[in-house]
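S.K.: With the first letter of the sequence shown counted as 1, position 583 gets the number 583 in the working numbering; the numbers rise by one all the way through.
Each hint should be verified, as a subset may be incorrect.
Here are the simulated DSBU-like pairs of lysine-lysine, each with C-alpha atoms no more than 30 Å apart in a straight line [what the hints assert, rightly or not]: (1) Lys342 / Lys584; (2) Lys409 / Lys342; (3) Lys134 / Lys69; (4) Lys499 / Lys409; (5) Lys493 / Lys409.
Here are the computed distance ranges between Cβ atoms for each label pair [stated by the list, open to error]: (6) Val310 / Ala76: 19 to 29 Å; (7) Gly174 / Asn212: 18 to 28 Å; (8) Thr119 / Asn151: 25 to 35 Å; (9) Glu466 / Glu441: 53 to 63 Å; (10) Gln59 / Val162: 43 to 53 Å; (11) Lys584 / Met517: 20 to 30 Å; (12) Ser592 / Thr119: 49 to 59 Å; (13) Ser148 / Ser88: 44 to 54 Å.
For the record, the hints were derived by calculation from the structure and aren't laboratory data. Note that the Cβ used here is the ideal one computed from N, Cα and C, for glycine as well.
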Amino acid sequence: MNHSARLFLWLALATVALKAQSTLPTASQPIPNQALTTTGDAVMLDLRNYFTLSGVSGQIVQFSTVLGKINVELYASDAPENVANFLSYVAADAYANTIVHRSEPGFVIQGGGYLANNTLSAIARPTMAKLEYKLPNIRGTIAMARGSDINSASCEWYFNLVDNTTTLGPANGGGYTVFGRVIGSGMTVVDAIAALPRVNLGSPFTVLPLYNYTSGDTPAVSNLVSMSSIRTVPAFPATAGQAAVANFSVSTENSSAAIATVSGSQLTITPGAMGTARITVRATDSNGNVATSAFDAVVTQGAVVAPTIVAQPQSVTVLARSTVALAVAATGTPLPTFQWRKDGLAINGATEAQLLLPEAVVADTGSYTVAVTNSGGTAISSAATVSLASGDPSRLANLSVRASVVSGKTLIVGFVTNGTKDILVRAVGPGLSFIIPNYYENPLLELYNPADALIATNDDWGASLEPTFDRVGAFRLPANSKDAALLRAVDGKHSAHLKGTGSNIALVEVYDAGTGMTPRLINVSARNSVGIGSDILIAGFVVDGPVAKTLLIRGVGAKLAQLGVTGALTDPKLTVFDEVAGVKRAENDSWSISSADAAARVGAFPLDAGSKDAAVLVTLPPGRYTAQVAGAGSSTGEALVEVYEVP
């Protein structure tokens, strides 16, 4: 067989392979029936384990056009340089608001080169790719446009409307690089664009397709076939709201037995009464193709454990017009419900573990209790009184974060002041020798400003800081130890980084070293790894002043994954302890909506509905506390602990 014959056979086989594969959403394996109990936990399933895009293994990009979405699988192994070049334009968002500027029915539609502004302008073309002809230009493939120079492909691409194997093959100046194919039924969108009327506005817009256009009218920008974006997407979304080829939905028959909800690709089945619920999951791609899978959730009677209150609401004295948050924590099976009472009378709508009194006034003073109820009985909390006072506000006087720091890793503590304030920052290792033997040997302390620029550093602290240690109540460090400390006037958001030589237990402390209650620290936070047992993330803080202070305290893990943090803790559990009284003051495993408004008020990033992140809103009297973040079910990973002042 001569070379031409072999090439013809190879192209024929490649064409058959490209045409043969289905790329629609498919139920790859049945979702098994689920056994739940009336008092048990919800069951969570990752639907990506049960659905697939048949025949798709490469990276996917999504073209969002005015006529619909086109999903394209890239052929990185066949055209690596052209795929990388194309993705460089995608990553730079260069294709946003570009148009299809060429439409030739029976041949191709072409775009990616011009912006739909008041005038049609070419996009910047900083990079080019060489010819990588390997695959035939059959219908449904996407290829790179180029000039007479075979290695001049830059940003423009085209979709093949028909089999252009011969027309755009090697005989035509060396051919054109196919670097992907349309998947699903996206060619219906491509064909719809090709069917639009066209006008000649002069080179290079001699065959410009127009949308919602009446022949004879003057073309407007709104008539151009534009695309809002071309972006990389997964087959199915990892989180709610993430763009993807296909999204999941769910319906339930007999929702009294179980309720099924879906967030991203996570299906959550929450048991109700005894019975069987038929649950149907649908994966619908952006062109309307649907794959379904149905299964039964069978709910039987579970064990009942009467509620027990593990953290009682606390009496507080606050300034008038300040926020008051009373909190209770309880256990029980099934999960208990809550009903708050004031002076013995039920408060309408007060049915969460936290009771919020915004802008407390005289009418809010009194005695509060909460009834915690499940099918096993009711527990009544101890009474917590709310009183008002006048005078200065209290402050967050100190944050200390103790964690196990591995060699080469940085422990980061952030803090925010609402004005210029003297702040004492310490990175302690050898100074912990009086309580632990396995301390971090030689910490280095760095201080960064709001622009993340290094503004101060210290390796070995100086004796001149001892009077400041005494004044703010910091324990003394051994003379000439390898601990680090610095005193600095700051304003706004800053971060302290502990790094250096060694590993094991280290402590980073931030003290309000100024005078007066304003300006003051209004937010402190720390991020580190959470392990098992005692190897958890512990943040100590001090409320200092004449009255109680309301704080939003969060343990964040699941959200960190969306922010680009690898190995994030998927299910953090947050506990707040009163270190003086030796009792638990608040606890949370999965945050509730009551903390969402407070998060918006203090500028904290929002948590996703239904996520496993933890948050409590609580008013604490002056004293010394710790916020401890552990992994539910002994899970491990990166976590963030945050303490915000709530006005």
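S.K.: Against the range 19 to 29 Å, how does the distance between the Cβ atoms of Val310 and Ala76 compare: consistent or not?
M.R.: violated (54 Å)
S.K.: Taking the Cβ atom of Ser592 and the Cβ atom of Thr119, is their distance within the range 49 to 59 Å?
M.R.: With Cβ atoms ~52 Å apart, the hint holds.
S.K.: Sort out whether Lys69 lies within 30 Å of Lys134, counting only the CA atoms.
M.R.: holds (27 Å)
S.K.: Assuming the hint says 53 to 63 Å, is it satisfied by the Cβ distance from Glu466 to Glu441 or not?
M.R.: 22 Å Cβ-Cβ, so the 53 to 63 Å window is violated.
S.K.: Confirm or reject the claim that Thr119 and Asn151 have a C-beta distance inside 25 to 35 Å.
M.R.: holds (30 Å)
S.K.: Look at the Cβ atoms of Gly174 and Asn212 and judge whether their distance stays inside 18 to 28 Å.
M.R.: violated (39 Å)
S.K.: Against the 30 Å threshold, does the CA-CA distance of Lys342 and Lys584 hold or violate the hint?
M.R.: Measuring from Cα to Cα gives roughly 23 Å; hence the hint holds.
S.K.: Just tell me: holds or violated, for the beta carbon distance of Lys584 and Met517 against 20 to 30 Å?
M.R.: At 28 Å between Cβs, range holds.
S.K.: Take the C-alpha atoms of Lys493 and Lys409, compute the straight-line distance between them, and say whether it is at most 30 Å.
M.R.: Between Lys493 and Lys409 the Cα gap is close to 22 Å, so the pair holds against 30 Å.
S.K.: Has the hinted range 43 to 53 Å been met by the Cβ atoms of Gln59 and Val162?
M.R.: At roughly 26 Å between Cβ atoms, Val162 and Gln59 fall outside 43 to 53 Å, so the hint is violated.
S.K.: Can you let me know if the beta-carbon spacing of Ser148 and Ser88 is within 44 to 54 Å?
M.R.: This hint is violated: roughly 23 Å between Cβ atoms.
S.K.: If you draw a straight line from the CA of Lys499 to the CA of Lys409, is it 30 Å or shorter?
M.R.: holds (7 Å)
Hints 2, 6, 7, 9, 10, 13 from the list above are not met by this structure, while the remaining hints are.
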